[in-house]
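J.: Start from the sequences, fold in the hints, and give me the full structure.
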Amino acid sequence: MIRVENLCKSLHGKTVLNDISFEVASNEFIAIIGMSGSGKSVLLKHLAGLMQADSGTIRFEGKKLNDMTTRELETLRSRMGFVFQNGALFDSMTVFDNVAFPLKERGGIGRTEILERVQGVLDQVGLSDMGHKYPSEISGGMAKRTALARALICEPDYLLFDEPTTGLDPIIRKSMLKLFKTTQARLKSTGIIVSHDIPEVFDIVHKVALLYQGSFLVFDKPEALLKSKDPIVRQFIRGDIDGPIRYN
Amino acid sequence: MIQAFLERLGSSGLRSLRNLGQFGLFFVTTVHCSLTPPIKFQRILKQIWFIGWNSLLVICLTGLFTGMVLALQGYASLKRVGSEAFLGPLVTLSLVRELGPVLCSLMVAGRAGSAITAEIGIMRVQEQIDALELMGLNPFRYLVVPNLLASILSLPVLGMIFNIVGIFGGYLIGVRLLGLNEGTYFNEIRNYLEWNDILGGIYKLVSFGILIAWISCFKGFHASRGAEGVSAATTSAVVTTSVAILVWDYFVTSVVF
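For the record, the sequence lines run as chains A and B. The numbers in the first sequence follow the numbering used here, run straight up by one, and end at 248. The numbers in the second sequence follow the numbering used here, run straight up by one, and end at 1257.
No lab work stands behind these hints, which were simulated from the structure alone. Glycine included, C-beta positions come from ideal geometry on N, C-alpha and C. Hints are supplied without guarantee of correctness; some may be wrong.
Facing chain A, a subset of chain B residues (Cβ under 8 Å, in silico) [claimed, not checked]:
#1 1078
#2 1082
#3 1126
#4 1127
#5 1128
#6 1130
#7 1133
#8 1134
#9 1135
#10 1138
#11 1139
T.: Here's what the structure looks like:
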């Protein structure tokens, strides 16, 4: 379970996260949506311990992230699968080595088992024959699926996705979203996905949070957002140009 | 106006102080990770190959021509006072005590140090370092410690090779070209070269190795703003390392010799 309490963060004098509190129960999968630059990725990076909040606390299974020792943080992270917006693949390694990397580094697993597990997860993401290629030799969609395979290889307890389907064609996007859902359900992981894929992402999550001006304007079931009368929620979900949301 | 100036000055001073603190903490963390398991031996070997073996050609070339030019200049100067016989010791002591460690380190900083900064810098801006952290892996152990240990191990060997090739270069010019007696060249080296000279050179090389790895990794680790940021970090790493080597050389020389 993840619990966030009164999280605040300012960057370059601008308030990005303003007193955010929420909870994600075990086995729950939530989506965070919001305008570009609204702080969704910043929030996700706080949850992963990559950024430090100005105030507020984040707890994993009751334990404060800030109170964790380096070892405890490393152990927690080894139970996380994080997919970055740009994939963050190691460009000097092949697709196979990228996916195998976390397993090899943690040790304790034989070469044959690594081979089987990597091939298995590459099959799942539809990259069975791409293991020998380098990240520079594959498409953006393939790179994202490689990043997903790398995140899934250790069967993590927490899945954090930062816009994993941005820039993909509709078919791959839908198949990826479906894959996220089935994987999350199979692993019984606690998942958070930052996404702009509205309304597709609503089909795979239990709850949706709309981040607006540093706070959660709404954090509810997808159906509730779809029925919402709030003009900001309605404009954002429908993608209307006219409305209370203005881009400067 | 004065207040604005003071504010800018204070802010700049605080920023410098913070950077210095980060720089020091970076080193302390690296040393701590170097002394505690797990140590990534495979990565260390890979970096020894990259820093040491791949620098060999440029070190040999630089060493050869440094020895040759030392012999040319030295012979001309010694001839004025009728002491050509001391050409061997002149070339050897100049190389072993000073030019070998400094030039060798500057070459390694330019070749390997810049590449280390660029590699780590690209990993930083492409979030690959964040990815490492999120796999529960310590990026210091994976990226910084191997470079530090490889640099400490490689530099003394490269420096010794630089010296030997340089002495050979001096021999080519002094003996083969200018006609100095071969026995005189080598016998005088044996007479004047002491273990302390060699040890002093090794101390220098080890400390320069630490400086190269420390600065190069630090600059790469703190690179930002995409390709432009990596380029700036690489330039800054080479310039800072080169200046640091020359400044540190003075202090080591004054203490060791």
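J.: Against this structure, judge whether each hint is valid.
T.: Here is how each hint holds up against the structure:
Interface hint at residue 1078(B): violated, since its Cβ lies 51 Å from the closest Cβ of chain A, which is beyond the 8 Å cut-off. With its C-beta approaching chain A no nearer than about 59 Å, residue 1082(B) sits outside the 8 Å limit, and its interface hint is violated. Among the interface hints, the one on residue 1126(B) holds; its C-beta lies about 6 Å from the nearest C-beta in chain A, closer than the 8 Å criterion. At a threshold of 8 Å, the smallest CB-CB gap from residue 1127(B) to chain A is about 4 Å, leaving the interface hint in force.
With a cut of 8 Å, the hint placing residue 1128(B) at the interface with chain A holds, because the nearest CB-to-CB distance is about 5 Å. Below 8 Å, beta-carbon pairs count as interface contacts, and residue 1130(B) has one with chain A at about 5 Å; its hint therefore holds. Of the supplied interface hints, the one on residue 1133(B) holds, with its beta-carbon coming within about 7 Å of a beta-carbon of chain A, less than 8 Å. Hint status for residue 1134(B): holds, given a least beta-carbon distance of 4 Å to chain A, under 8 Å.
At a threshold of 8 Å, the smallest CB-CB gap from residue 1135(B) to chain A is about 5 Å, leaving the interface hint in force. Taking 8 Å as the C-beta cut-off, the interface hint given for residue 1138(B) holds, the closest approach to chain A being about 7 Å. Annotation: residue 1139(B) was flagged as interfacial toward chain A, and the flag is violated, the nearest CB pair being 11 Å apart, outside 8 Å.
In summary, the numbered hints that this structure violates are 1, 2 and 11.
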